[in-house]
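When you get a sec, could you build the whole thing from the sequences and use the hints?
Each chain is listed here by its residues.
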Amino acid sequence: MTETEIRSAISQAVKDVREKNPMAPSITNTVTQDFVANAQLAVGGSAAMLYLADECESIAKIAPAFYINMGTAMPFYAETLPKAVQALQSNQTPWTLDPVGIGLSSLRTDILRQFKNFKPSIVRGNASEIIALAKLWGLIEDSGGQVRGVDSTEKVSSAKAAAIALAKFTGRAVAVSGEEDFVTDGKEEILCAGGSELFTKITGSGCALGGVMAIYLTAASPFIAALTATTMFNQAGTKAAAEVSTPASFKVHFLDSLYSLTADDVANNFRVVGSMETMFDFFG
Amino acid sequence: MTETEIRSAISQAVKDVREKNPMAPSITNTVTQDFVANAQLAVGGSAAMLYLADECESIAKIAPAFYINMGTAMPFYAETLPKAVQALQSNQTPWTLDPVGIGLSSLRTDILRQFKNFKPSIVRGNASEIIALAKLWGLIEDSGGQVRGVDSTEKVSSAKAAAIALAKFTGRAVAVSGEEDFVTDGKEEILCAGGSELFTKITGSGCALGGVMAIYLTAASPFIAALTATTMFNQAGTKAAAEVSTPASFKVHFLDSLYSLTADDVANNFRVVGSMETMFDFFG
Amino acid sequence: MTETEIRSAISQAVKDVREKNPMAPSITNTVTQDFVANAQLAVGGSAAMLYLADECESIAKIAPAFYINMGTAMPFYAETLPKAVQALQSNQTPWTLDPVGIGLSSLRTDILRQFKNFKPSIVRGNASEIIALAKLWGLIEDSGGQVRGVDSTEKVSSAKAAAIALAKFTGRAVAVSGEEDFVTDGKEEILCAGGSELFTKITGSGCALGGVMAIYLTAASPFIAALTATTMFNQAGTKAAAEVSTPASFKVHFLDSLYSLTADDVANNFRVVGSMETMFDFFG
Chain A
31 MTETEIRSAI
41 SQAVKDVREK
51 NPMAPSITNT
61 VTQDFVANAQ
71 LAVGGSAAML
81 YLADECESIA
91 KIAPAFYINM
101 GTAMPFYAET
111 LPKAVQALQS
121 NQTPWTLDPV
131 GIGLSSLRTD
141 ILRQFKNFKP
151 SIVRGNASEI
161 IALAKLWGLI
171 EDSGGQVRGV
181 DSTEKVSSAK
191 AAAIALAKFT
201 GRAVAVSGEE
211 DFVTDGKEEI
221 LCAGGSELFT
231 KITGSGCALG
241 GVMAIYLTAA
251 SPFIAALTAT
261 TMFNQAGTKA
271 AAEVSTPASF
281 KVHFLDSLYS
291 LTADDVANNF
301 RVVGSMETMF
311 DFFG
Chain B
31 MTETEIRSAI
41 SQAVKDVREK
51 NPMAPSITNT
61 VTQDFVANAQ
71 LAVGGSAAML
81 YLADECESIA
91 KIAPAFYINM
101 GTAMPFYAET
111 LPKAVQALQS
121 NQTPWTLDPV
131 GIGLSSLRTD
141 ILRQFKNFKP
151 SIVRGNASEI
161 IALAKLWGLI
171 EDSGGQVRGV
181 DSTEKVSSAK
191 AAAIALAKFT
201 GRAVAVSGEE
211 DFVTDGKEEI
221 LCAGGSELFT
231 KITGSGCALG
241 GVMAIYLTAA
251 SPFIAALTAT
261 TMFNQAGTKA
271 AAEVSTPASF
281 KVHFLDSLYS
291 LTADDVANNF
301 RVVGSMETMF
311 DFFG
Chain C
31 MTETEIRSAI
41 SQAVKDVREK
51 NPMAPSITNT
61 VTQDFVANAQ
71 LAVGGSAAML
81 YLADECESIA
91 KIAPAFYINM
101 GTAMPFYAET
111 LPKAVQALQS
121 NQTPWTLDPV
131 GIGLSSLRTD
141 ILRQFKNFKP
151 SIVRGNASEI
161 IALAKLWGLI
171 EDSGGQVRGV
181 DSTEKVSSAK
191 AAAIALAKFT
201 GRAVAVSGEE
211 DFVTDGKEEI
221 LCAGGSELFT
231 KITGSGCALG
241 GVMAIYLTAA
251 SPFIAALTAT
261 TMFNQAGTKA
271 AAEVSTPASF
281 KVHFLDSLYS
291 LTADDVANNF
301 RVVGSMETMF
311 DFFG
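Residue numbers (our numbering), protein chains in the order written: chain A, 31 to 314; chain B, 31 to 314; chain C, 31 to 314.
Bear in mind the hints are in silico, worked out from the structure with no lab data behind them. Treat the hints with caution; some may be incorrect.
Identical copies look the same in the list; a pair holds intra-copy or inter-copy alike.
[Claimed, not checked] Calculated pairs, DSS-like style, for lysine-lysine (alpha carbon to alpha carbon, straight line, at most 27 Å):
1) K231 x K50
2) K231 x K269
3) K217 x K269
4) K50 x K185
5) K185 x K91
6) K45 x K231
7) K231 x K91
8) K45 x K185
9) K185 x K165
10) K91 x K165
Quick look at the structure:
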């Protein structure tokens, strides 16, 4: 895709969602559900969070996209998650996977191992999570190392190979979030700039980003959906951090900015940095 | 009731709650618990959210009112909800039912069908939910049609017959929330105006409204409780939307306004619109 | 400890947490998880909320501290909580216990009775909860009386004997939150002033305080950790209430203030009141 094609696809995705108010239901952690739902609504989408296996199955059949975040697994997730993902695949419903807490328990590991067969449309995580998932799926060498619950202990750049391996395997998109954000479909590799350090001082911006990616899956390819949500978060975060410098106010301004961004803003201010070797001529 | 009697009863309910700080415990969805609790506190009430069947039974015996919202059903709700409702009836504790997600699963349908025998003091929902519940309880003809999870796909006016049928059946009150809000006890029919389009851009205002209705059930009849909460939300929403135009700021200003409204404000600014045929001479 | 030693220890704890970004995972209620996590992040810590027994066991082994709040018990807590606490003890991981809802059900009572053998580093609660726990553990005489769910019906001063009895038993610290806050390790007894009446108009400030105490357990003794979190909440609450006078804005300003307080602020503005007999010469 050329730069112009990417900008145009992003603009179209933003517009479509604002017009159609699509719902991307979620199985997601209890800590950040409010933030995820409000972010989904702010960009023009609609939200519903679910726990029951049969409800996830039935809504996966009619929803245009889905979001799965394993942040606060409960015992019944052992039934809910596999059934939901099975239904998503049967209905070819696109979905975003956020492998939060990968490695914390055998329940999570078992479920995430099963997910290998169900190729999520987008895998979104911090560097540690992306590396851990690529190892779990046997796509990169497991040289040991630890994952620290929900926080990243790795730089985004360190997850590049893992992200590309995952994207090549799924044939869809992978997004690594951090100070900069790396988005790839296994061929294109884009490193996005923007955002704010204040994202690390509030809880759930990663979850909200995953939930918004699922909203854009209703209107664009996985790669464009991941890119659209990523650049919107970066732009809204930059704007909010220019207005306030403390975390709770930042969260309010961030959501407000997410709501106010126009399709033109998003597409025109989409910024790429070229610090990775594969980027040198991307927008050259 | 005359207009003067209604305004006086609303004023009294607002005052009583601010004086007595009554608690209305909830079984409610995990997404919006924070919003529900903060709205209940803002009007002067107190909050507690519960999941365990025996805790709901024991608190239903001592609480002056209760709120049940089925938004994010979990497997153990199959035991918790029927036991809670049984205890509420045994103790004649008034309660508000929010039939969110009606039709999504057999668990929800089974429980909501059982609730027919336990006549909630207030049923609050959007138009789609009210219509679906009236159909499930066999009170209006089921001509098919779909309910879309948590969002309304119907206009408030389309739920008028369903709301009246439900209210006649329970002998209590029903509130349909939307761009305008319809409140009925089966005899009186009031359509309230106000609020803001921004309510649709934040998650949980319907849940918060149901939770606040439960607070007013401690101080007024179901009809007055539903009316008081509805007009407070409309007034606070109108005020907030006059101050800010983006959703996250709107939510903060809305809760602040809910806290600041006086009993006189609420009773005097209570606005009714007469666009439905039965309204023509209501406040004439 | 002298006043100077206490101020110095508080200052050090604030600095250490901002530098090291320690994680205190939680088993905590679903209503206020967002507030707890954001408060933990605002002071420089890191958050993770968990439900599964084996996850709690494995994270208790590596986390530097832990927070347990029983606000919204779910059926599987019967397994999760005892296993978590067992793992905390085996690994000598310090933890804060918030006995919310004590007395509401046999599940809570059974679990809290078991906790007597596992001596929490800090017990934090309102006066009613502290009295109820001291009675449940047989440390003070049970003359009857009621606990009202999550709200305190008792004055802080009425819980003084219970708090001291609990602290003598655990050999660690107990904090009673209310209009004033009492912190004791069984020997030192400090009554802190500050805060704002607005804390009672938002949900979860007690939970957030408990969660932040757990963060400071990674950097200080239980007594200093409880004192540091208490004075930070009082100072940030006073500051926020000087800026705004409505609850939702207060919550935003409070979290922002928590983030902005420096170690010097916290240590120098640490205010003690001497209204209890044991206090007369504390800072004399």
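The hints, checked one at a time:
{"no.": "1", "hint": "K231 x K50", "in the structure": "between (33 Å within a copy, 14 Å between copies)"}
{"no.": "2", "hint": "K231 x K269", "in the structure": "both (16 Å within a copy, 20 Å between copies)"}
{"no.": "3", "hint": "K217 x K269", "in the structure": "neither (31 Å within a copy, 51 Å between copies)"}
{"no.": "4", "hint": "K50 x K185", "in the structure": "between (37 Å within a copy, 17 Å between copies)"}
{"no.": "5", "hint": "K185 x K91", "in the structure": "between (37 Å within a copy, 25 Å between copies)"}
{"no.": "6", "hint": "K45 x K231", "in the structure": "between (30 Å within a copy, 16 Å between copies)"}
{"no.": "7", "hint": "K231 x K91", "in the structure": "between (37 Å within a copy, 25 Å between copies)"}
{"no.": "8", "hint": "K45 x K185", "in the structure": "between (33 Å within a copy, 25 Å between copies)"}
{"no.": "9", "hint": "K185 x K165", "in the structure": "within (17 Å within a copy, 51 Å between copies)"}
{"no.": "10", "hint": "K91 x K165", "in the structure": "between (31 Å within a copy, 23 Å between copies)"}
Violated hint: 3 only; the structure is consistent with all others.
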